[in-house]
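Undergrad: Sequence:
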Amino acid sequence: MSDLWQEAMDHAVAVARKSGEMVREALQNEMKVMCKSTSVDLVTKTDQNVEQLIISSVREKFPTHSFIGEESVADGQPCVLSENPTWIIDPVDGTTNFVHGYPFIAVCIGFAVEKTLEFGVVYSCVEDKMYTARRGRGAFCNGEPLQVSHQKDVNQSLIATEFGSNRDPAVVDKIFSNMRKILCLPVHGMRGAGSAALNMCLVASGCVEAYYEVGIHCWDVAAAAVIVQEAGGVLMDLEGGPMDLMSRRIVAANNQTIAEKIIKEVEAFPAVRDDAPSENQQ
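Be aware that the sequence shown starts at 1, since it is given in the numbering used here, and climbs by one per residue.
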């Protein structure tokens, strides 16, 4: 009997690689940049074209499956994670990086069945790094196994986070306050790739102990979440407990000790859930 989810994962890898070619080609050309919720929440035709490519390719092979895509939701499609096999797509994670030619840009494809993430594919296009993981079968980068760091001392750790696209002064103050508390633990340092998925893949790779953020979306983290877990890491909500994919809050860490140290310091500010009614989505 064929393994249908492996067929789906193999297809995700193939279409992610094809999408990466489209992204690299677009980096060589002048691009039209548009804004979504704010002047710094950017989208390009490449985001839209890549998402269309992925969805049309998957729909042809798996016509009964559902989709949550960043640009589809921006265009008014519902953001609903149902029991049905669902592809969760961020066509260009790191759009601001893409616009500026900053070389950390990822095509992200997560896949969930009965609301459980089954596999994740994150393709770092410029680096030509293909991160993959399937539930219960390990995590890999270009075919090589991934393993999180064994570090248990937060004072010896490197932590990743991002600034997001919300420029409300109160939110920015909270972001910097949280960063200050983490830095003053102290930790070795803080970094940010400009891509939630790639930050999480760095956790899976063992060179970053933890990544946290408020305001991300399910398509930013779904694919990489499987990769972190399969590399031996943990996923938690920033207010404690297991990660809620739709909550727009996450800490991904090499172990629970480090995750809980981050949670203790970070104050999570409100962010409208991804599965909130569409008129309230950001």
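It is worth saying that the hints were derived from the structure and are not from the lab. Be aware that a few hints might be false.
What the hints assert, rightly or not - Ranges of calculated distance between the beta carbons of each label pair, as one might list FRET restraints:
#  : residue 1 : residue 2 : range
1  : Leu4      : Gly143    : 20 to 28 Å
2  : Gly189    : His150    : 27 to 35 Å
3  : Cys184    : His150    : 30 to 38 Å
4  : Arg137    : Met246    : 20 to 28 Å
5  : Asp3      : Arg59     : 18 to 26 Å
6  : Glu144    : Pro270    : 23 to 31 Å
7  : Arg191    : Thr257    : 14 to 22 Å
8  : Glu144    : Asp75     : 47 to 55 Å
9  : Leu4      : Pro78     : 19 to 27 Å
10 : His188    : Arg59     : 42 to 50 Å
As the list claims (entries may be wrong) - Straight-line alpha carbon distances no greater than 20 Å define the calculated PhoX-like cross-link-like pairs of lysine-lysine that follow:
#  : residue 1 : residue 2
11 : Lys18     : Lys36
12 : Lys45     : Lys32
13 : Lys18     : Lys129
14 : Lys174    : Lys264
15 : Lys152    : Lys264
16 : Lys181    : Lys152
17 : Lys129    : Lys174
18 : Lys181    : Lys129
Glycine included, C-beta positions come from ideal geometry on N, C-alpha and C.
Undergrad: If a hint holds in the structure, say so; if it doesn't, say that too.
TA: Against the structure, the hints:
| no. | hint | result |
| --- | --- | --- |
| 1 | Leu4 - Gly143: 20 to 28 Å | 22 Å, holds |
| 2 | Gly189 - His150: 27 to 35 Å | 19 Å, violated |
| 3 | Cys184 - His150: 30 to 38 Å | 24 Å, violated |
| 4 | Arg137 - Met246: 20 to 28 Å | 25 Å, holds |
| 5 | Asp3 - Arg59: 18 to 26 Å | 21 Å, holds |
| 6 | Glu144 - Pro270: 23 to 31 Å | 40 Å, violated |
| 7 | Arg191 - Thr257: 14 to 22 Å | 20 Å, holds |
| 8 | Glu144 - Asp75: 47 to 55 Å | 38 Å, violated |
| 9 | Leu4 - Pro78: 19 to 27 Å | 25 Å, holds |
| 10 | His188 - Arg59: 42 to 50 Å | 45 Å, holds |
| 11 | Lys18 - Lys36 | 26 Å, violated |
| 12 | Lys45 - Lys32 | 7 Å, holds |
| 13 | Lys18 - Lys129 | 13 Å, holds |
| 14 | Lys174 - Lys264 | 15 Å, holds |
| 15 | Lys152 - Lys264 | 15 Å, holds |
| 16 | Lys181 - Lys152 | 18 Å, holds |
| 17 | Lys129 - Lys174 | 33 Å, violated |
| 18 | Lys181 - Lys129 | 33 Å, violated |
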